[in-house]
Amino acid sequence: MTRSSSQALFAMILIMIAAGLLVLNMGGFLSPVESMVLRPIGGAQSWLAVRFYAVRDLLASPADVATLRGQVRELQSQNAQLQQEIIGLQEQVAQAQVLSALVQYARSQPDSRYLAASVISRDVSPFIRSVWISAGSDDGVAKGMPVVTDLGLVGRVVEVFATVSRVELINDPSSVVNVRLQTSRADGALQPQLNGEIWVGMISQDAEVSPGEVVLTSGLGGNYPPDIPVGTLTSVRRRDYELFQQAVLQPSVDFHQLELVLVITNFQPLPFNQPGGP
Amino acid sequence: MAYIVGIPILLLLAVVQATVLSNMRLLDGTPDLILLAMVAWALTGRPRQAMAGALIGGLLIDMLSGLPLGATAIIMVIVIYLVSQTAGRFWEAHLLMPLTTVLWSSLLYHGLSLAVLLALGRTLNLGFALSRVILPSTFLNLILALPAAQAASGLAESLYPPEVQI
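Just so you know, the protein sequences line up as chains D and C, in that order. Read left to right, the first sequence gives residues 1 to 278 (my numbering). Read left to right, the second sequence gives residues 1 to 166 (my numbering).
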């Protein structure tokens, strides 16, 4: 056997091993093995992520100071304007407190329970927009659970191992999120684009939609609980000859700066089907 | 001996790629450390070890990505097999050898990855993938090609010191 054919045979054997693993994985037989391997890797990632974020923050701080000064000036002018509004709103607070008490009474669902987790890495494949978090089935995380920050919706859990989980971001083209526009009450659906932009599509032509409108999850479809902030509309496209309006969404979460997220652990999604997944 | 040293190195590269380099992108591209390492190792004239490393490294990448386990491993073995077929045949140890090999192996690796994703039913825009991901990643790989080749060559010499006849 020549050296070249021996190498080809060796390559074929390795490819067959990988193909065998691929088939076993698609059957779900390798999850325990993956969990076992990912346990130490997840630990190493957490360790490295903490130090990397610290170094990144240190290096980024001079640029942040200039940005923050600009933001302070802007916020000071907004503050003066808001002071005027506070007086009017204080009147409404009294009414809202009564309404809030009624809503609390009527609410049959318990409040969401949250589990905090660190973002330990991003997807190695540049074609997939997802992050890995430092919580897994050992912590009670399950497929389909929504993931948020204090600013709004991040995505949902699509893969769970013992100590780590993969979260599909809402700007991944495979992601499906049904939304409602807060002011116009129109329903729509997020349409993440390949360039990272997020469009809101399927908005009825009858709806009066305007830029600046806040977008919330609608809860339709059962993938996400309702009323989680998703972002604000930056522009709206309405053409008479199209069935629906489209708008561009500025997400409330900066996906490049994610460090800590909250998993909503008491939300029961409908049976999970990962779009385009194996 | 190479496997004892190689597996921890692959683990380290996978963790660094997922945790650190994924945050340091050029457009949407990142360097492919495991691919670079295995191409560089194949160029030292140890194709079997490089192919075995490609299998292990590919499996690690699959575990840290949304791709099904085994998909990248198959791609990586194919790429490294082709690299090992050309290594040593052209230009011998010419400086351009690692650069040229990394150039076409990166393009092939990403091309095959795209094909797998399309086969899995993911929506992909080829023009966008080329301009935002494949070309920036290939550029970053090219920058790291020579250091990777030097590191692999140094490691090979320390693991397999040349025999001296007395």
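The hints are simulated quantities; they were obtained by calculation from the structure and are not laboratory data. Just so you know, even glycine gets a beta-carbon here, dropped at the ideal spot from N, CA and C. Just to be clear, a hint being listed does not mean it is correct.
To be verified - Label-pair ranges, simulated between beta-carbon atoms:
{"id": "1", "chain 1": "C", "residue 1": "Trp-104", "chain 2": "D", "residue 2": "Pro-211", "range": "40 to 50 Å"}
{"id": "2", "chain 1": "D", "residue 1": "Gln-83", "chain 2": "C", "residue 2": "Pro-147", "range": "28 to 38 Å"}
{"id": "3", "chain 1": "C", "residue 1": "Phe-128", "chain 2": "D", "residue 2": "Val-33", "range": "32 to 42 Å"}
{"id": "4", "chain 1": "D", "residue 1": "Gln-71", "chain 2": "C", "residue 2": "Leu-130", "range": "45 to 55 Å"}
Claimed, not checked - For the chain C half of the interface with chain D, some residues (derived, Cβ under 8 Å), not all of them:
{"id": "5", "residue": "Leu-26"}
{"id": "6", "residue": "Thr-30"}
{"id": "7", "residue": "Met-97"}
{"id": "8", "residue": "Thr-100"}
{"id": "9", "residue": "Leu-108"}
{"id": "10", "residue": "Asn-125"}
{"id": "11", "residue": "Ser-158"}
Status of each hint after checking the structure:
1. Between Trp-104/C and Pro-211/D, the C-beta spacing of about 46 Å keeps the proposed range 40 to 50 Å intact.
2. Separation of Gln-83/D from Pro-147/C is about 58 Å and departs from the stated range, judged on CB atoms against 28 to 38 Å.
3. Taking 32 to 42 Å as the suggested C-beta distance range, the pair Phe-128/C and Val-33/D conforms, at roughly 35 Å.
4. Remark: the range hint 45 to 55 Å for Gln-71/D to Leu-130/C is contradicted by a beta-carbon distance near 37 Å.
5. Taken as an interface hint, Leu-26/C does not check out: its beta carbon lies about 10 Å from the nearest beta carbon of chain D, beyond 8 Å.
6. Hint on Thr-30/C holds. Least Cβ distance to chain D is approximately 6 Å, under the 8 Å limit.
7. The interface hint given for Met-97/C is violated, since its Cβ lies 18 Å from the closest Cβ of chain D, which is over the 8 Å cut-off.
8. Taken as an interface hint, Thr-100/C does not check out: its beta carbon lies about 20 Å from the nearest beta carbon of chain D, beyond 8 Å.
9. For Leu-108/C, the interface hint is violated, since its Cβ never comes within 8 Å of a Cβ in chain D; the closest pair sits about 14 Å apart.
10. Taking 8 Å as the C-beta contact cut-off toward chain D, the hint placing Asn-125/C at the interface holds, the least distance being around 4 Å.
11. With a least beta-carbon distance of about 25 Å to chain D, the hint placing Ser-158/C at the interface is violated under the 8 Å criterion.
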